[in-house]
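Hey, can you work out the whole structure from these sequences and the hints?
Protein chains in written order, with the working numbering: chain A, 12 to 259; chain B, 4 to 459.
Since the hints were derived computationally from the structure, they do not count as laboratory data.
Mixed in with the good hints there might be a few duds.
Rough simulated footprint, nothing fancy, chain A against chain B, three-plus residues with beta-carbon under 8 Å [stated by the list, open to error]:
id : stretch
1  : 299-307
2  : 318-328
3  : 430-441
Partner residues aside, some chain B positions facing chain A, computed with beta carbon under 7 Å [said to hold, decoys possible]:
id : residue
4  : 311
5  : 312
6  : 315
Glycine included, C-beta positions come from ideal geometry on N, C-alpha and C.
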Amino acid sequence: MAEPLLAVRGVETYYGSIKALKGVDLDVNEGEIVTLIGANGAGKSTLMMTICGNPRARAGRVVFDGRDITTLPTHEIARLRIAQSPEGRRIFARMTVLENLQMGLVAAGPEADPAELDRVLAFFPRLSERLAQRGGTLSGGEQQMLAIARALMSRPRLLLLDEPSLGLAPLIAQQIFDIVRELNRTRRLTVFLVEQNAYHALKLAHRAYVMVNGVITMTGSGRDLLERPEVQAAYLEGGRRETAATGS
Amino acid sequence: MSPNGATPLALRAVKDAAIWGAVALGLFVPLIALQAVQDIRGELRLETRWPLLVVLVALVVAGSLLNSLVITPWQERRARAAPRPDGSAGRFAAGLGRWFPPFAIGFVTVFPFLALWLVGFQGGLKWIDNFGIQILIYVMLGFGLNIVVGLAGLLDLGYVAFYAVGAYSYALLAKEFGLSFFTLLPLAGILAAFWGILLGFPVLRLRGDYLAIVTLAFGEIIRLVLINWVPVTNGYAGISGIPRPTFFGIPFNASDSGFAAVFGLEFSPIYRSVFLYYIILALALVTAFVTVRLRRLPIGRAWEALREDEIACRSLGIDTTTTKLTAFAIGAMFGGFAGSFFAARQGFISPESFTFMESATILAIVVLGGMGSQIGVAIAAVAMIGGTELLRELDALKAVFGREFDPTQYRMLLFGFAMVLIMIWKPRGLIATRDPSVFLKERKAVSGSLVKEGHG
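Given below as structure tokens:
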């Protein structure tokens, strides 16, 4: 395969003197859904934030589309069409759904296309009913959809999804994953997904990585990892029913 | 409330009132009833004020009874009544938003003439100067700070610094170089904006409490510089004899070339006041208009997004550095305009006018009005500043509390009390609803095929 769209090479990130990422290597190829799973505190979100330049990697490189983005400020990284749906959604609570979505156009700069609104809303019919409503009045699932929809407004080349199923009912989480799969299939959207909901995330992913204590310990196709006994023991223990039910 | 009627309610009300009365009595005996007075020989004598004590305790008891017999049952009844449809409050606010601004603008436009017509030249001056101009200065300052605090969500406790920069810029440049008010007005704004950016840089990474403390310090630094840089600012003594604005070159004085003489009118200070009134009115309206326009531009939306969530802003490609700096700069610029107007109106400025109290008042206006709401800010400014002025008028209270009772001395007490009440009833300010800045041109037709049950 050609050069990966996103290449993380030997990245080390610190919080003060605590080493959170201990030399991470990871590839995301164009058109792929890549999932990173791991326990609480493994460094999954840190990796995602490091890709976005906040905090910055102290060692190693992050290369996007052949360009070193390790030291770029966050907003400039976003303008390279790396859209992020951050952990905890972070929608603009007092602004309307429509305003939230329009904020997503900023990253596209002069190429912003207001017509993108209709295309994005086609994936999220629920949101099109709520355009005039304030973001903070949406339900958790709707807020997650809004966060993803907002990220899509800039026609991103890479979508970073940080724990989209967090705190959602299993059925809603399933809907979110379905939408992500649909986006990938119909628009060839490249997705890098960080999840604790290992079962669904691995089922969704073309390829997947497992992170333990700031180190990638396993990699393979999503289906492949699902079968592995170590993964089942650590992340799918108790069978998939419980993993799906706890939704986290 | 218990089902068997009024007796327990009345009983409880009386009990509550008795407790309140006892607490009030206990507090007020040392505080109010006993007063140490110096007599002619300089000795302290203890005087008593029993009637006042009785009045105050009776007020507390009456208030408690009113609360438990009238207000609480009424609130319970209202809460138990059918829950109001969601939109009614919003609809009311939207209606208010539609008809209120034109009405208010119309009123403030004719206000000077209305005042002159109703109370004549003598009384009119007070209404135009003390009420009109004074309130409008704070409306303008409120609008300016509203950009920083209300829209961008950057808590600024040193806003008065920019007011001071504007005032001293005008005063010094007008005295040294003889430039006119309308030349210096934009210049003072630009200088204040420059200081806004200067303040902005070191505080870029700060938010909330930390930002508040640094801006507070900044306000104090500016004030201390004004006090201590005597060769330039003349220190505590301040700058006097600041040139007044002229009517296209015609001064407002009693000379033959003065405004009254040129237009064949009898001389009166009222003309200048009316002129100044319209200047500050125009400035305040420009500020409001610019803010409304900015809110619909990308920068204005970026401010609001910044207030909501800074991290999300950055991940959406918004440059938070420039966003914050522009908020500081534009907010400061309007403060500078207001400052130069203040200097031109007073003719005298000193560091006394730019204390932390001023920043606090302006911030109170913004918070009380409902952060981000222009109408709310205007109403709050009228209430805060107009209320203060109105207290001077309450001579009737002297009949109750004795001759030496001065209502203005209770100003802070009353405002503190009013603010606590408003924050209890309307914790998000008088006008808490936020108007969206974008609307769909037409009602979006959501095709039926998209709205499937349990999908999306």
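Here's how the hints hold up against the structure:
1. Counting residues of the stretch 299-307 of chain B whose CB lies closer than 8 Å to any CB of chain A gives 4, so the stated coverage by that chain holds, three being the minimum.
2. Only residues whose C-beta sits within less than 8 Å of a C-beta in chain A count toward coverage, and the stretch 318-328 of chain B has 6 of them, enough to reach three; the restraint holds.
3. Counting residues of the stretch 430-441 of chain B whose beta-carbon sits less than 8 Å from any beta-carbon of chain A gives 4, enough to reach three: the coverage restraint holds.
4. The interface hint given for residue 311 of chain B is met, as the beta carbon of that residue sits about 4 Å from the closest beta carbon of chain A, less than 7 Å.
5. The closest approach between the C-beta of residue 312 of chain B and any C-beta of chain A is roughly 5 Å, which is under the 7 Å cut-off, so the hint is satisfied.
6. For residue 315 of chain B, the suggested interface contact is upheld, since its CB lies about 4 Å from the closest CB of chain A, less than 7 Å.
Going through the hint list in order, the structure satisfies each hint without exception.
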